[in-house]
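J.: What follows is the residue order along each chain.
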Amino acid sequence: MAEAQVYDTIIIGAGAAGLTAAIYASRRAMKTLVISQDVGGQAATTDEIENYPGVDFSDGPSMMMKFKDQGEKFGASFIFTEVTKVEKDVDAKGTPIFHISTATERFIGHSVILAYGLTHRHLGVPGEKELGGHGVSYCATCDAPLYKGKTVAVVGGGNSAVDAALLLAKICPKVYLVHRRQDFRAEAILVEQLKQLQIELVLDSEVKEIKGEGRVVSMVVYDVNDKAKERELTLQGIFVEVGFIVNSKLIEGLVELDQRKQIIISPDAETSQPGIFAAGDITTISYKQIVVSAGWGATAALKAYEYLQKVKGFRGVSIDWGLAKTPTIIATAIDPAKS
Amino acid sequence: MSEVILSDQSFEAEVLQSSVPVLVDIWAPWCGPCRVQGPIIEELASEVDAAKVKIAKLNADENPATTEKYNILSIPSLLVFKGGVVVEQFVGVQAKDKLKAVLEKHSA
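These protein sequences, in sequence, are chains A and B. Take the first sequence: its position 248, counted from the start at 1, is 248 in my numbering, and no numbers get skipped. Count along the second sequence from 1, add 1000, and you get the number used in my numbering.
Among the hints, erroneous ones may be present.
Unchecked claim - Listed below are the simulated DSS-like cross-link pairs for lysine-lysine, each with C-alpha atoms no more than 25 angstroms apart in a straight line:
{"hint": "1", "chain 1": "B", "residue 1": "Lys1069", "chain 2": "A", "residue 2": "Lys211"}
{"hint": "2", "chain 1": "B", "residue 1": "Lys1069", "chain 2": "A", "residue 2": "Lys148"}
{"hint": "3", "chain 1": "A", "residue 1": "Lys85", "chain 2": "B", "residue 2": "Lys1098"}
Simulated from the structure, these hints should not be mistaken for laboratory data.
Please build the complete structure, drawing on both the sequences and the hints.
T.: As structure tokens, this is what we get:
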């Protein structure tokens, strides 16, 4: 394995929080690396964005690509892969440094910004994993058009589940909406639309099993009040929209988490581990909104900059830490004091 | 080399009859993650040895026959064809390194 490249900050995740952190960090002339499996996170799966100040209307992917382009313009580097390990170490002076590993490479960060958001909650039933991508989908906006003319089910009761059902009802002859309660958490206006379309509500029901070999053929559901009461729905597609969870595997033991495994942060986006900052949906913030996450991304980057100044006497020019680093044009072209 | 843009019509000749392994990225304009995969595929195409592997893209929207034939129900879907059959299949955005390693394995 080649010698690890060193960065001032390594941002894990490229949603609104991670990308905004990349813009702010690179404008402070920090040598910045973003490692992510995608661009845009949850925002990139949204069709319509109408509440981002200064932008009348955008679709998620377009807006998120602009965030990324902006970060790249100021010098941030991007690698699209999964981070497999985050490890803490100390340098000769006892200052923390962090080893970030992917399947094929390892990088060193003087600071880390955790911004990889939430991941889809799975049903955890037999057949789900095996049939992922073969009829089981977690992204209605990505995959719905591929199910045109087919019989499908949506599982869940929140806004995203109802949205998915409404979207699918326009192109599929039969749509089931399976929900474990009677009432929907989704906004009343969306639920009202449900009732006007040909969507069969399968309420008080949970999924027991997904059947099929190579492709989904049916789904077995049971009545939550009487588990013996089962029903097998013949269908070709299942959209799982049962919410999101934090993938805490990477960070457990490294930073302090709350009961829901969200990262606990200070008002300046610091975690319990000096040198590690966190921003966006992965943290304990209440509102999962693009503009909120962007704000936290900026905070995390600025605080990381301040931290580096303190521990390293960092002045925003990527030279002279006794490490082999190539100064970028950005480092001389931008005066951090003005940004 | 740049990537080959496939269609339902050219699929047989370009992929199934190909003398070298072919990586096919199945995508659609409405799909956000596909827009991330696209540039990775282009980069990959510029780096691989064209004598050993072929890199190709298929728009699912415009080519329903091939999409249906291979039962593509989530995109981006990445398929590796060798000798006219699918030897590898991935769903969701895949990193360049991983794809490179898979192609090396099949072109060896």
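J.: Each hint should be assessed against the structure and marked as holding or not.
T.: For each hint, the structure was consulted:
For the hint pairing lysine 1069 of chain B with lysine 211 of chain A, the CA-to-CA distance comes to about 21 angstroms; that is within 25 angstroms, so the pair holds. For the hint pairing lysine 1069 of chain B with lysine 148 of chain A, the CA-to-CA distance comes to about 15 angstroms; that is within 25 angstroms, so the pair holds. For a cut-off of 25 angstroms, the pair hint linking lysine 85 of chain A to lysine 1098 of chain B stands: about 17 angstroms separates their Cα positions.
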